[in-house]
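Using the sequences and the hints, build the whole thing.
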Amino acid sequence: VSGRLARLLQAQRLLVFVGEGGVGKTSCAAAVGLAGARLGRRVAVLTIDPAPRLGQALEIGALTSEPRTVADSHTAPGSVSAMRLDTRATFDRVVRRYVPDDRIASLILESPIYQTLASGVGGSEAFMALQRIDELVLEGSYDLLVLDTPPAVHARELLSAPSRLAALVETEAMEMLANPAAALARLGSAFTKTLALGLLPFLERMTGAHLRQQLSSFAEHFSRVVGGARQRADAVARLLAQPETAFLHVVRASTAGVAPALALERSLLESKIEVAAVVANRMTPSRGPDRQAPLSTRLAGAPPSVGTAANAMERDLDRMRQVERTALARLRSGLAELPRTTVPAVIEVTALEEDIGTLSDLARLATAMTDHREG
Amino acid sequence: VRERAARILYLTGKGGAGKTFVSGLAAEAAVRRGLRPILVRFEGEEDPPAGSQIQPIAGVRYVRLTQEKALAHVLTKLLRLRRLSARLMDSRTFTAIAAAAPGLRDVIYLVAIRDLADRAEIEAHGPIIVDGFACGHSQLLLGAPSRVERLVRIGRLAREVAGAAALVRDPDRFRVSVVSGPEELAIVETEEMLAELRTLDITLGPVLLNGVLPRRAQAADEAWLARHGGSEDSRWYMGRRRRQILVAERLKDSSSEVLDIPFQFPGDAAPVSDPAGALLDGLLRAQA
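Chain order of the listed sequences is A and B.
Its first residue numbered 1, the first sequence is counted upward by one per residue in my numbering.
Its first residue numbered 1, the second sequence is counted upward by one per residue in my numbering.
For the record, the hints were derived by calculation from the structure and aren't laboratory data.
A few of these clues could be false.
Said to hold, decoys possible - Just a few of them, taken from the derived set where beta-carbon distance is under 7 angstroms, the chain A residues facing chain B:
1. 302
2. 304
3. 306
4. 312
5. 316
Just so you know, even glycine gets a beta-carbon here, dropped at the ideal spot from N, CA and C.
This is how it looks when you write it as structure tokens:
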């Protein structure tokens, strides 16, 4: 087995797929899972994609937050289990784990604030992805985890998720709401004190007492959850930074795709993450050998309108190839200008003929990914 | 006043579906109709701006709305004192509260857009085209007024929230359209998003199907190429187009109105059909 991707599949414990929405992260993650299994690894693919299609393609029915195993005819000698990241279900489990008192746990679970938080705002989706990885690592049944990150969650958010969620409940703001007197006593300057004292009645007026009550009782209970979960999340954040973790950045080679891809690379570098490879997905296939002969020879005996049509389609695909080559060249020179130790390999994956709908389609994508042009 | 009220077209869709592209088309169509459109883009951590790729269109006013800008706007309005609101914005305490209160940070965008629309009306600008967030975030944003209404019941903020809720629910003034690519996965997600949006109290405009390959061969020529071969590229092109048409047909069965925006090859003249114009005319006709 050769190739950059195959090497990663053998050596890493965690592969994190990042990229803009719509580039094909989920399919790539599943295909890489199959490729890893063929190399003998026990793989868990964790996706956030709520669409039922991936489960159908893997032929294991709808994905749930519990792992389901793919038929071994496509995965031997290894195995692939797939599961969906259910932010709400993971969040509920975390709450119950850190709040043994059933009554208080129920208070949290029923709070409208919790329900909004658990539906994926304030970094909770990224936070829960980390919690789920942690659960799977502790469980120890897999030796390669493949994470498909949520479209809206950039990897940088993934890394900062624990501290951001903690910040939500640990700031002076929350403290002040939960226990105004104590919080005020610790505030520094007279100005801040005056401002804060003015703030409370203002908030009351602005929001009505209802919001304040809700926030304050929620903050009081919820801080336990975050306190406990934070320690584990820190451990996972360390795992993300270790050499056995690799980030793969999936892109579309299109004019509009270059700038967001470079922006994502820059934001990753700010978090000291260098992606192991860039995957240029769904490339137009290269010109076939038939193009060496002129169209008139290849279409001998055809009505002239066939020649006109075929000529238009060949010209269109050539234009697409040109757009893709230009975009990849701009991406490569952009990557080379970024402050990093090594320029990542760009793995070009040719678009499949069919949309992905079955396990054999995914297997073909797996082959296309490990058997690629590289530059 | 009703006749002149600035209407709002909110575009959403899966990432990469072409929201920014379609919002540009709609703004161009508005300029061609002699209007003075405002194009609103959100900018946040989740949505890095495509940056250099966006070419400004003459006659379009661009408004970049960040969470900070929207929050500052709402605060100034609530407090009626710019200086105090600036101080509050500097306070980590306050911004943390705004971020923690569920739905509040989404509602402030809608309050800012509503005020933008009211001002636009006075200045004879409009329509307002919002290059919105991707599916999931847009669902949160558009559902925010109802969620926040439950939490914030009295006070000035409650009035602002009620105003945002009324705007979003106004079938004459506020339309939401989903932009979708012509691929299997994109269509599945578009159908799911449409189902979710139908549960909210908003008016849905047509779905915009972006990027179907133009037809290059008549049926007889396609049949000849399929039978005799001779052009691998043509076979590939026709195969992809056929799959796009298939999933598009499914979408057309399940959605009341679908507008096609054909794939635009670089260097080709703009197609004769004007889907963005049709989209805009639907919005402008809404009060009739």
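To see whether the hints hold, each was checked on the structure:
1. Because the closest C-beta pair between residue 302 of chain A and chain B is about 6 angstroms apart, less than 7 angstroms, the hint holds.
2. Among the interface hints, the one on residue 304 of chain A is violated; its C-beta lies about 10 angstroms from the nearest C-beta in chain B, farther than the 7 angstroms criterion.
3. Interface hint at residue 306 of chain A: satisfied, since its Cβ lies 5 angstroms from the closest Cβ of chain B, which is below the 7 angstroms cut-off.
4. Contact between residue 312 of chain A and chain B, as hinted, is supported at the beta carbon level, the nearest pair being about 4 angstroms apart and thus within 7 angstroms.
5. Because the closest C-beta pair between residue 316 of chain A and chain B is about 6 angstroms apart, less than 7 angstroms, the hint holds.
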